[in-house]
Amino acid sequence: MRRFPAILLLLAALAPLAWPAQAEDLVSGISQDVIQITSNYTGTSIVVFGAIERPLGAEGRDIVVVVRGPDTTLTVRKRERIAGVWVNSDAARLVGMPAFYYMASTRPLEAIATPSSLTRYGIGEHHLVPQKIVSHHDPRPFQLAALRHLEREGLYNEAPGSIDFLSETLFRTRVPVPAGVARGQYNVEVYLFRGGEVVSAQSTPLFVDQTGLERRLFNFARDAPFWYGLAAVAMSILLGWISSVLFRRPA
Amino acid sequence: MEIYLPVAEMSVHWMVIVGLGGVAGLVSGMFGVGGGFLLTPLLVFYGIPSTVAVATTLSHVTASSMSGALSQWRRRAIDFAMAGVMLAGGLAGTGFGVWLFALMRRQGQMDLIVSLSYVLLLGTIGTIMLRESLNSLRSVRVGAPGRLRAVSRVRMAGLPLKMRFRQSRLYISIIPPIGIGFVVGALGAIMGIGGGFVMVPAMIYLLRMPTNVVMGTSLTQIIGVTTITTVLQATSNYAVDIMLALFLIVGGVIGAQLGVRISGRLRGEHLRLLLAIVVLAVCMGLLWGLVARPDDVYSLSLGAQ
Numbered sequence: 001m002r003r004f005p006a007i008l009l010l011l012a013a014l015a016p017l018a019w020p021a022q023a024e025d026l027v028s029g030i031s032q033d034v035i036q037i038t039s040n041y042t043g044t045s046i047v048v049f050g051a052i053e054r055p056l057g058a059e060g061r062d063i064v065v066v067v068r069g070p071d072t073t074l075t076v077r078k079r080e081r082i083a084g085v086w087v088n089s090d091a092a093r094l095v096g097m098p099a100f101y102y103m104a105s106t107r108p109l110e111a112i113a114t115p116s117s118l119t120r121y122g123i124g125e126h127h128l129v130p131q132k133i134v135s136h137h138d139p140r141p142f143q144l145a146a147l148r149h150l151e152r153e154g155l156y157n158e159a160p161g162s163i164d165f166l167s168e169t170l171f172r173t174r175v176p177v178p179a180g181v182a183r184g185q186y187n188v189e190v191y192l193f194r195g196g197e198v199v200s201a202q203s204t205p206l207f208v209d210q211t212g213l214e215r216r217l218f219n220f221a222r223d224a225p226f227w228y229g230l231a232a233v234a235m236s237i238l239l240g241w242i243s244s245v246l247f248r249r250p251a
Numbered sequence: 252m253e254i255y256l257p258v259a260e261m262s263v264h265w266m267v268i269v270g271l272g273g274v275a276g277l278v279s280g281m282f283g284v285g286g287g288f289l290l291t292p293l294l295v296f297y298g299i300p301s302t303v304a305v306a307t308t309l310s311h312v313t314a315s316s317m318s319g320a321l322s323q324w325r326r327r328a329i330d331f332a333m334a335g336v337m338l339a340g341g342l343a344g345t346g347f348g349v350w351l352f353a354l355m356r357r358q359g360q361m362d363l364i365v366s367l368s369y370v371l372l373l374g375t376i377g378t379i380m381l382r383e384s385l386n387s388l389r390s391v392r393v394g395a396p397g398r399l400r401a402v403s404r405v406r407m408a409g410l411p412l413k414m415r416f417r418q419s420r421l422y423i424s425i426i427p428p429i430g431i432g433f434v435v436g437a438l439g440a441i442m443g444i445g446g447g448f449v450m451v452p453a454m455i456y457l458l459r460m461p462t463n464v465v466m467g468t469s470l471t472q473i474i475g476v477t478t479i480t481t482v483l484q485a486t487s488n489y490a491v492d493i494m495l496a497l498f499l500i501v502g503g504v505i506g507a508q509l510g511v512r513i514s515g516r517l518r519g520e521h522l523r524l525l526l527a528i529v530v531l532a533v534c535m536g537l538l539w540g541l542v543a544r545p546d547d548v549y550s551l552s553l554g555a556q
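Taken in sequence, the protein lines are chains F and X. For the first sequence, the positions run 1 to 251 when the working numbering is used. For the second sequence, the positions run 252 to 556 when the working numbering is used.
With the rest of the complex left out, here is chain F:
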């Protein structure tokens, strides 16, 4: 009978290895779930935070945070010199790419997981696969060019190794959202990796929307373009008339 507690202890120690998903879990949240684009919007940032429940220790454990914008089509054009002038000569369309992409992680991605599992989850901008590629030639240089441009405009960003644990279980990271972001539904995804495998993941929607006057003007321009055009003309004529009255010079 003296051996019984020892067996229990052994079982308790082995249990997490046998059912890791049940043992270690992820809870996460974001500081705000709506970003309002107002007239003086120049970019903002959101905080993604979370905790690991029933942690199994810091060794071999990684957190990856991914923020994806709404899907869009990227049109990449290549210029060529024709008769001394640089002309768009070739184009590739990447259908179904996020308009915004941000990735933060505890360590460099290659240290966390294999390329194939990163591609499966779309983690890391070089592991993003478009739904469809329309191209006459090898699309690879076009894809690289697209990433280069998106990074330059701040729409794609990676911050490997930027996530720090506040305690053994608590983590937090700040995601910059620049000025030129598209409206629509974004997804904030948090992945918990252990030994190169995703053991838990959570996804939270984030909405980016225009508000106030900008929203109304945008809707006006889209929903009633004829009247919107007339309104633009009326405004111009009115302002032209006012200026002529204001600055009327004695003849």
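Derived by calculation from the structure, the hints in this document are not laboratory data. Don't take every hint at face value.
Examples of chain F residues lying across from chain X (beta carbon under 10 Å, computed) [claimed, not checked]:
1. L26
2. A145
3. A231
4. M235
5. F247
Beta carbons: idealized from backbone N, C-alpha and C, even for Gly.
We have chain F; now place chain X onto it with these hints.
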């Protein structure tokens, strides 16, 4: 303070936009042209998408033309019949231009077409003006009057559909004014200009209109054309940004007043020489953008176009 442009979908600094409008207004006040030819390239240099720049500059042109046309109207210096006939041609030209604009945008050649048209037009006009103003400066010094190249009206005398234009004291076929209107309308849609600096010489040298009604008549025709083009651009390309237009106009109004005051202190020949230099400088800037090796031969646009 940054302002968010709802159609261009980008943030800009309001002082930059008012400043750009002001520069165009200054030029228009100094030289009596719309200033659109300067504003579109400036907006594109600043980073506004060229489709939005072309379509929105039209609002700026409408406002400055309105202001100018009103003061001409007070002097009874507008030939409304002529403006109406040219507007008819302008309508057709605008429709053609907006169609071409949408086609080019789909083909991805929009920027090229806009730049090329600007280089051709500004290069031609700038060179003509430079030569003309240098010649007249020289002849003023010598004391002889500057020679004007007279285009014969005899060639147009055979054309049908004659009409009497009381204000201009002309009895001519309506085909040449319609043709001029068409060309200017198409230019307006593609380049975002009123086309005054194309139309005014054409009216003087081709139609032989009296100089005193030329300015008011062309401004009136420009208001008509830009009104229609703005509505067409808004409906077919969703490219008019009313917020951008507002700040451009405010800058333009202030700039125009400054320009008028400056021009009062300068001689006509000097003004034209200065304008020729400005026109050629913009032309050279655009030409450089076309022939210089780009930093990145790849460019990216979000969306299917």
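Hint by hint, here is what the structure shows:
1. L26: Not OK, violated: L26 of chain F not within 10 Å of chain X, min 32 Å.
2. A145: holds, 3 Å
3. A231: holds, 7 Å
4. M235: holds, 7 Å
5. F247: Since chain X brings a Cβ to about 5 Å from F247 of chain F, closer than 10 Å, the hint holds.
The structure fails to meet hint 1 from the earlier list, while all remaining hints are met.
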